[in-house]
Amino acid sequence: QKEVEQNSGPLSVPEGAIASLNCTYSDRGSQSFFWYRQYSGKSPELIMSIYSNGDKEDGRFTAQLNKASQYVSLLIRDSQPSDSATYLCAVTSGWDSNYQLIWGAGTKLIIKP
Amino acid sequence: KAGVTQTPRYLIKTRGQQVTLSCSPISGHRSVSWYQQTPGQGLQFLFEYFSETQRNKGNFPGRFSGRQFSNSRSEMNVSTLELGDSALYLCASRSGLDTGELFFGEGSRLTVL
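In order, the protein sequence lines correspond to chains A and B.
Letter by letter, the first sequence follows residues 31 to 143 of my numbering.
Letter by letter, the second sequence follows residues 0 to 112 of my numbering.
Source of the hints: derived by calculation from the structure; they are not laboratory data.
C-beta atoms are modelled at their ideal positions from N, C-alpha and C, and glycine is treated no differently.
The reader is advised that the hints may include incorrect statements.
To be verified - Under the rule of at most 27 Å between Cα atoms (straight-line distance), these lysine-lysine pairs were calculated in the DSS-like manner:
(1) B/K56 with A/K72
(2) A/K138 with A/K72
(3) B/K12 with A/K97
(4) A/K142 with A/K86
(5) A/K142 with A/K97
(6) A/K138 with A/K97
(7) A/K32 with B/K56
(8) A/K32 with A/K138
(9) A/K142 with A/K72
Unchecked claim - Covered by chain B, per the in silico footprint, the following chain A stretches (three or more residues, Cβ under 8 Å):
(10) 44-55
(11) 75-88
So here's chain A without its partners, still in its complex pose (with noise of 0.2 Å):
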């Protein structure tokens, strides 16, 4: 059964510190990665999507993704209370006609004033 595993936290982090959010996926075969933040009694939005190896940055945020390894990770600079919320990371899998995602269950980031 292919799986996307993240630590659900909470994750408390400091003002203006680094929060990092992991997550480890067993499809090899999975070419799309993409982190979603979803504050408390919303919806999932989609904030960051990467597709290759190394980093990807946009503005405060920056995901890392590691095929071989099958990580994908997002860091997020100066943390502030507004990032506070569960980030979910999600893994296409499947076929270029027919992604389907794949879901972990998400990591609670807290973000300490």
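Got chain A; can you put chain B on it based on the hints?
Just chain B now, with coordinates in the frame of chain A:
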């Protein structure tokens, strides 16, 4: 560009009843997925429709069903409601089956008494 619209937002039913939820995807998106989310359970995939055809299905009993219309709007139905069906039901659309970028609606929160 309008986002994904789900109706109703909140509803209360009693055991044994049935419920129908509606989802209108982003204009131009032909894929609609449905998810169930309960506290501590993460996102549980129900099914996905593309061009009026069910393309993928999760591990839910037959009481959960769905359909998609020619305008890409989708409905899901749950028959013979059980207490455990109380959850947030999320609809998400994507432009095609070759992308993992999902756009979620605000959800329909179902309470079964």
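Exercise. Output the numbers, in ascending order, of every earlier hint that fails for this structure.
Key: 3, 5 and 10
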